[in-house]
Structures are given as structure tokens and as C-alpha cells.
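Asker: Now for the letters of each chain:
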Amino acid sequence: MEVSKNRFKTLSEPVKQFGGLVGIIILIFITFFVLNNIFGEGDELVAKMKIEEERIAEERKLNKLISSLPSGVLVSFDGTDNFKLSDELYEAVCKATKLIPQRAIMGANFLNFRAHEIYTINGNKIDETFVKWDDEKNKCFAGFVVSGNNVGVDETVKVSGEALSFLSTGIDTRVYFIKNF
Amino acid sequence: MKKLVFCILFYLLASSIAQARSTGCKEGNCDNGYGKWVYTDKTTYEGEWVATKKHGQGTETWPNGYIYKGEFKQSQWNGIGILFFPDGSTYEGEWANGFMNGEGTFTWSDGKQKKGIWKNGSLQE
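Here the protein sequences come in this chain order: H and L.
With numbering that gives the first Met the number 0 applied, the first sequence has no gaps in its numbers, which climb one by one up to 180 at the end.
With numbering that gives the first Met the number 0 applied, the second sequence has no gaps in its numbers, which climb one by one up to 124 at the end.
Just so you know, these hints were derived from the structure itself, not from any lab.
None of the values given here were measured: they were computed from a predicted structure.
Any given hint might turn out to be false.
[Claimed, not checked] Mimicking SDA-like on lysine to any residue, the simulated pairs with C-alpha atoms at most 25 angstroms apart in a straight line are:
| hint | chain 1 | residue 1 | chain 2 | residue 2 |
| --- | --- | --- | --- | --- |
| 1 | L | K25 | L | K2 |
| 2 | L | K52 | L | E26 |
| 3 | H | K83 | L | D109 |
| 4 | L | K68 | L | I79 |
| 5 | H | K136 | L | T60 |
| 6 | H | K124 | L | K35 |
| 7 | L | K118 | H | K63 |
| 8 | H | K138 | H | F180 |
| 9 | L | K118 | H | G18 |
| 10 | H | K157 | H | N121 |
| 11 | H | K63 | H | M105 |
| 12 | L | K72 | L | G55 |
| 13 | L | K1 | L | K25 |
| 14 | L | K118 | H | A95 |
| 15 | L | K52 | H | M105 |
| 16 | L | K118 | H | K83 |
| 17 | H | K124 | L | T39 |
| 18 | L | K35 | L | D109 |
| 19 | L | K41 | H | F76 |
[What the hints assert, rightly or not] Restraint ranges, calculated between C-beta atoms of paired labels, are given here:
| hint | chain 1 | residue 1 | chain 2 | residue 2 | range |
| --- | --- | --- | --- | --- | --- |
| 20 | L | T43 | H | E127 | 29 to 35 angstroms |
| 21 | H | K131 | L | V49 | 41 to 47 angstroms |
| 22 | L | T43 | H | V45 | 53 to 59 angstroms |
| 23 | L | V4 | H | E135 | 38 to 44 angstroms |
| 24 | H | D77 | L | K113 | 37 to 43 angstroms |
| 25 | L | L122 | H | E127 | 37 to 43 angstroms |
All C-beta atoms in this analysis are idealised placements derived from N, C-alpha and C, irrespective of residue type, glycine included.
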């Protein structure tokens, strides 16, 4: 120990400073390694960030596409004067759409009286809405869930069907017709 | 800053006036008689009115493509009427309380038909 101390004293000042610098760098690396092991999520965090980045990129792409669509009614079927969506656009619009306005819900309720009753009793309140693209069927499905107390009985009714038309406002798109028959 | 606040207030006032002017009774008499009413969501009703209620023959057009032509009672679809769905499907027949109730025929856009007695939107087997 004494010998080591004497050897250190005999070293020149620049060598001592360099050694100190290397020591501090090693200490910083060790500290970060320990902290990362304790608090860091490592690969999991990187994977999450990648997914989030992909989601943002996809959203930007869809927003760009939506802003390029004409304002008004967009349909996926023939026989109307409205803008007819191509298969590719239909899928993209479906994936970008989140809103279902009241008239689309009321229209779907014509074929589901129980849903209409709960919807009316609850003051037009909807528990949940969904718009999903089905890869297997190559179709867009949309729907909603209503729940409430109907004549003393707690009921939950899910209404779903093929989303065949949309409204483009220039800012967003909305499901305009749910074919549930 | 004051100019910006003034501009925002002016815009809000102007848009609310424009909105108010585009809705309500646009043609005829919507109290007693024949008139056209436009709702805030662009739904329209054109037909007969009795005591400010839709009553008699009329046509209600929803902005998403549903069109009902037929009888109304107390503002509800009641009597004989035809509903056109946005995809071209139709229901023609009897209505009560805003639903398919009674004898009627549902025709899909591809021509397929279901005929019979309906109760609250469901065909009774």
C-alpha cells in the first residue's frame, strides 16, 4: 500500500490528471449503468417508442389523406351522386374515423328498438363507439354501446354494422351510415 | 390585443347570427299549414303542420341520406310511409311512433325483399 502511494507520488502531474479524468469517466459510466438497471426499461422502452413513432407517422399520413378528400358525403357503394371512395381510400378513411354522429346512431336504431329505448331514456348518451377495419372481410365496421335501466332492468345493447358512408368535414371524418340489416 | 378580442367576438356574433338565419321555418307556414323547417344539423322537414307539430303528409330528409315520405302524427312518423335508407334500401308500409309497426315491405338495395308484419322495427315471424 505504502509502495503504491510512493509510486503515485512519483508520477508526473499530467499523468495524474489523465488518470483522474479516466477514473471520472469510468465512474460516470458505472453510475449510468447502475441507474439504468434500476429505473430504465431498456429494450421495452425502445420498443414502445418505436410503436409510438409508427403510430404518429401513420396518423400524419391519414390526416394528410383526409385533408385531400372533398368535403361532404363519401360513400363506398354505387348509385349516388356522392363522392365514391376507392377500396384503398375506403380503408384509409375507416382507419382514420373515430366519430359517429347522432343521425347515424338514430338510423341504426331503426332496426334495434331496445337500443333506441335505452338511448332515449339516457338522454342520447352513448357508452362507447367504435370504428374498425376488418382485414379478413375487407370491410369497415362501426357501432356503439348503450346501457341503462330500462323498465327496472339494467341492459347493455351493442349495435354494429358495416360503415358504408362517411362525412368529410375537411378537418375530420365521421361515420354517416351504419348498415345493420 | 383589443383588436384581436374584438375580432373574435365579432366572428362569434356573426357566425351565431348566420346559424340562426339558416335554421327554423324557411318557407311557408310552420305553425298551421304547409311549410319547410330546417334543423341545425341540416335535417329538413317539408310538409303539413298542425299547432306547430308535423302532422299530415310530409317529407323528412336527414343529412346522412335517410328520407322518410309519408304520414306524420304529433311530429312522429305515424301512418303509411316509405323510408329510403342511404344505400338505396327501403321500407314501405305502416309506421307507429317513429318505427316500422304494422304491415310493410323491406327491400334491400340488391332487390331482396322481406314482407310481413313488423313490430318496432322487427319482422314478426
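Asker: None of the hints should be skipped; say for each whether it holds.
Answerer: Now for the hints, and whether the structure bears them out:
1. Using a Cα cut-off of 25 angstroms, the hinted pair K25(L) and K2(L) is violated, with the two alpha carbons roughly 35 angstroms apart.
2. Using a Cα cut-off of 25 angstroms, the hinted pair K52(L) and E26(L) holds, with the two alpha carbons roughly 15 angstroms apart.
3. Straight-line distance between C-alpha atoms of K83(H) and D109(L) comes to about 18 angstroms, which keeps the hinted pair within the 25 angstroms bound.
4. Of the pairs offered as hints, the one joining K68(L) and I79(L) holds, with about 9 angstroms between alpha carbons and a cut-off of 25 angstroms not exceeded.
5. For the proposed pair K136(H) and T60(L), the alpha carbon gap of about 32 angstroms is over 25 angstroms, so the pair is violated.
6. Restraint check for K124(H) and K35(L): not satisfied, since their Cα atoms lie roughly 29 angstroms apart, outside the 25 angstroms limit.
7. Between K118(L) and K63(H) the alpha-carbon distance is near 46 angstroms, which puts this suggested pair outside the 25 angstroms criterion.
8. At most 25 angstroms may separate the alpha-carbon atoms for a hinted pair to count; K138(H) and F180(H) meet this at roughly 15 angstroms.
9. The hinted pair formed by K118(L) and G18(H) fails the criterion: a straight-line CA distance of about 91 angstroms is larger than 25 angstroms.
10. As the CA atoms of K157(H) and N121(H) are separated by approximately 15 angstroms, the hinted pair is consistent with the 25 angstroms bound.
11. In summary, the hint linking K63(H) to M105(H) is not supported, as the alpha carbons are separated by about 30 angstroms, beyond the 25 angstroms threshold.
12. The suggested pairing of K72(L) with G55(L) holds, with an alpha-carbon distance near 6 angstroms, which does not exceed 25 angstroms.
13. With a CA separation close to 37 angstroms, the supplied pair K1(L) and K25(L) exceeds the 25 angstroms bound.
14. Restraint check: the Cα-Cα separation between K118(L) and A95(H) comes to about 37 angstroms, which exceeds 25 angstroms; the hinted pair is violated.
15. With a CA separation close to 20 angstroms, the supplied pair K52(L) and M105(H) stays within the 25 angstroms bound.
16. For the hint linking K118(L) to K83(H), the alpha-carbon distance of about 35 angstroms lies beyond 25 angstroms, and the restraint is violated.
17. Taken as a hint, the K124(H) and T39(L) pair is honoured in the structure, with Cα atoms around 19 angstroms apart against an allowance of 25 angstroms.
18. With a C-alpha separation of about 33 angstroms, the suggested pairing of K35(L) with D109(L) is violated against the 25 angstroms cut-off.
19. At roughly 23 angstroms between alpha-carbon atoms, K41(L) and F76(H) fall within 25 angstroms of each other, so this suggested pair holds.
20. Range check, T43(L) to E127(H): Cβ separation about 31 angstroms, and the 29 to 35 angstroms hint holds.
21. About 45 angstroms separates the C-beta atoms of K131(H) and V49(L), a value consistent with the hinted range of 41 to 47 angstroms.
22. Between T43(L) and V45(H) the C-beta distance comes to about 55 angstroms, which sits within the given range of 53 to 59 angstroms.
23. Separated by about 55 angstroms at the C-beta atoms, V4(L) and E135(H) break the suggested range of 38 to 44 angstroms.
24. At roughly 23 angstroms, the beta carbons of D77(H) and K113(L) sit outside the given window of 37 to 43 angstroms.
25. Against the hinted window of 37 to 43 angstroms, the Cβ-Cβ separation of L122(L) and E127(H) comes to about 28 angstroms, which falls outside the hint.
In summary, the numbered hints that this structure violates are 1, 5, 6, 7, 9, 11, 13, 14, 16, 18, 23, 24, 25.
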